[in-house]
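Starting from the given sequences, assemble the full structure and let the hints guide the process.
Protein chains: 2
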Amino acid sequence: MTPAQHTVEAKPLAERARSYFEGLQQKICLALESFESDKKFVEDRWEKADGRNADKSGGGGMSRVLEGGKVIEKGGVLTSTVFGGLPESLALKMNIPPTTYYATGISLIIHPLSPMAPTVHANFRYFEQAHGDSWFGGGIDLTPFYVHEEDIKHFHATLKTACDKINGEYYPRFKKSCDEYFYLKHREEARGVGGLFFDYLRGEQEHYFEFVQTIGDSFLDAYLPIIDRRMNEPWGERERAWQLLRRGRYVEFNLVYDRGTTFGLETKGRIESIFVSLPPKVEWHYNAAPEPGSREARLVEILKSPREWV
Amino acid sequence: MTPAQHTVEAKPLAERARSYFEGLQQKICLALESFESDKKFVEDRWEKADGRNADKSGGGGMSRVLEGGKVIEKGGVLTSTVFGGLPESLALKMNIPPTTYYATGISLIIHPLSPMAPTVHANFRYFEQAHGDSWFGGGIDLTPFYVHEEDIKHFHATLKTACDKINGEYYPRFKKSCDEYFYLKHREEARGVGGLFFDYLRGEQEHYFEFVQTIGDSFLDAYLPIIDRRMNEPWGERERAWQLLRRGRYVEFNLVYDRGTTFGLETKGRIESIFVSLPPKVEWHYNAAPEPGSREARLVEILKSPREWV
Numbered sequence: 000m001t002p003a004q005h006t007v008e009a010k011p012l013a014e015r016a017r018s019y020f021e022g023l024q025q026k027i028c029l030a031l032e033s034f035e036s037d038k039k040f041v042e043d044r045w046e047k048a049d050g051r052n053a054d055k056s057g058g059g060g061m062s063r064v065l066e067g068g069k070v071i072e073k074g075g076v077l078t079s080t081v082f083g084g085l086p087e088s089l090a091l092k093m094n095i096p097p098t099t100y101y102a103t104g105i106s107l108i109i110h111p112l113s114p115m116a117p118t119v120h121a122n123f124r125y126f127e128q129a130h131g132d133s134w135f136g137g138g139i140d141l142t143p144f145y146v147h148e149e150d151i152k153h154f155h156a157t158l159k160t161a162c163d164k165i166n167g168e169y170y171p172r173f174k175k176s177c178d179e180y181f182y183l184k185h186r187e188e189a190r191g192v193g194g195l196f197f198d199y200l201r202g203e204q205e206h207y208f209e210f211v212q213t214i215g216d217s218f219l220d221a222y223l224p225i226i227d228r229r230m231n232e233p234w235g236e237r238e239r240a241w242q243l244l245r246r247g248r249y250v251e252f253n254l255v256y257d258r259g260t261t262f263g264l265e266t267k268g269r270i271e272s273i274f275v276s277l278p279p280k281v282e283w284h285y286n287a288a289p290e291p292g293s294r295e296a297r298l299v300e301i302l303k304s305p306r307e308w309v
Numbered sequence: 000m001t002p003a004q005h006t007v008e009a010k011p012l013a014e015r016a017r018s019y020f021e022g023l024q025q026k027i028c029l030a031l032e033s034f035e036s037d038k039k040f041v042e043d044r045w046e047k048a049d050g051r052n053a054d055k056s057g058g059g060g061m062s063r064v065l066e067g068g069k070v071i072e073k074g075g076v077l078t079s080t081v082f083g084g085l086p087e088s089l090a091l092k093m094n095i096p097p098t099t100y101y102a103t104g105i106s107l108i109i110h111p112l113s114p115m116a117p118t119v120h121a122n123f124r125y126f127e128q129a130h131g132d133s134w135f136g137g138g139i140d141l142t143p144f145y146v147h148e149e150d151i152k153h154f155h156a157t158l159k160t161a162c163d164k165i166n167g168e169y170y171p172r173f174k175k176s177c178d179e180y181f182y183l184k185h186r187e188e189a190r191g192v193g194g195l196f197f198d199y200l201r202g203e204q205e206h207y208f209e210f211v212q213t214i215g216d217s218f219l220d221a222y223l224p225i226i227d228r229r230m231n232e233p234w235g236e237r238e239r240a241w242q243l244l245r246r247g248r249y250v251e252f253n254l255v256y257d258r259g260t261t262f263g264l265e266t267k268g269r270i271e272s273i274f275v276s277l278p279p280k281v282e283w284h285y286n287a288a289p290e291p292g293s294r295e296a297r298l299v300e301i302l303k304s305p306r307e308w309v
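Chains as they are written, first to last, in numbering that gives the first Met the number 0: chain Z, 0 to 309; chain C, 0 to 309.
The set of hints was computed from the structure by calculation and includes no laboratory data.
As the structure is a prediction and not an experimental result, all values here were calculated from the model.
Please note that a few of the clues may not be correct.
Just so you know, same-sequence chains aren't split out, so a pair can sit in one copy or run between any two.
[To be verified] The calculated BS3-like cross-link candidates involving lysine-lysine, where the alpha carbons are at most 30 Å apart (straight line), are:
no., residue 1, residue 2
1, Lys47, Lys303
2, Lys38, Lys175
3, Lys184, Lys92
4, Lys47, Lys10
Here it is as structure tokens:
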């Protein structure tokens, strides 16, 4: 080990994780901006508190949001590092003792304008408790409006290759967790075509940090080729209407089931950051259902029964 | 008591409540349709099950939905009567023993097209448990996008007059419950300007049934004059954008906090009926906030601090 490496390694893991997430944010925003001619991600730095309030909470973050682009209708790439006392009710839900926590992470959501391009979400986080327990969690998943098998296979194959660099058992395990997690019970449908989901990765922290970095680094490889292929495909009112309707399912999942949203709302997180995941335009209509045999029906069929893509 | 009255009174309360709710649905739909030239409420009768499945659940309902009207962008007036075994988790939340239940009710939501006209919601229900306990619940509340004090005062005054016919203490008590219930903690805002909210009205069942009927019968008097006044007021893109944004709060409340929605989702209720309350078109934008001093800011100011309107 060289002295330079040693210096890096000697920093606490929480700080290294934070620094990795912030670098990833920068890299992803730059790459996504290359699809836009006159829109950039707008930076919004915020601070929660200084840690001197009653529950000792504090922290802050940097939201980078792009709205109204030619390719990205609404996109957010956010990092934040917060700390404080965990509410007892929430600790119970998370099945951990109530204590103070430190959380650093990145989360991103891209809602493309074109219904032919899928929505994507990713989130990676490091969570540490005062008594010393700590873990990594995160995930990445794709939500198409129209089925292009080639895209879905590419997305999953990229994630599998990344997982396999670390441990051959990870892709099947976290792919399955993803199918289970992003599921709307009340609709009996998956949110999308999945990807990876993992949480409470405890124990070998250096190993899991390397894993999270490998997945984080694969995000652009997994998503950009899909955007590239779909952004200029023609679409019309019918496709747009279907996209707006399906986006309603995204809202339903995020507000009814998503743990990140619950965590954010219950810890009085920053609302604008939590809800940046909500699509820009959404519709709900009564008894809306795709015509049997249509391309729209094909999507629903796939969401009803998760499958293996690689 | 005349024999005819006796016959009516001798019917079980559950059946009389159901029959009242169905009559009210008919009356309200007819009155609302008078605002539309070429749209009617479309009837959709559904059945849940016949009571012969594992949890003995069954029942059905009649949804009446109008979409794309000149005045009503999306409106639903629904009655349903369902029975079955209550999931234990839900019984715990409702603070009642797990048992079989019978529930009959009416719920309605009107999302007007014009941002100058307020959204309105009302719900009345009768709930009975196998061991004999039973109660009435319900409410009615107004959600404007622009503040017209005259409208809000009329709405509250009509409800107060109706309450006062039954008991002078009801309006202040149920007005306060309404302010407390329709509150978005994460936004630190009320959903709208309130109305009435009551639940678990146990004990003198004939008295409470009379109360529920009095409030139900006052719905049209409370709401129609407001629609009448506002439907032809001019509005443009700015007002529409504000309405679509504020409708996002409606979705947030219904999916994060609303007990009716939770009850529906957890008892595997009929999704299309539960989600008919969701607005037809909604938007979420990052860091969207009204200009200080604007008419939009005036609404937020009022939602931040509930007040007395009569």
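Hints versus structure:
no.	hint	in the structure
1	Lys47 with Lys303	between (40 Å within a copy, 21 Å between copies)
2	Lys38 with Lys175	neither (37 Å within a copy, 47 Å between copies)
3	Lys184 with Lys92	both (19 Å within a copy, 19 Å between copies)
4	Lys47 with Lys10	within (24 Å within a copy, 60 Å between copies)
Of the numbered hints given earlier, the model fails hint 2 alone.
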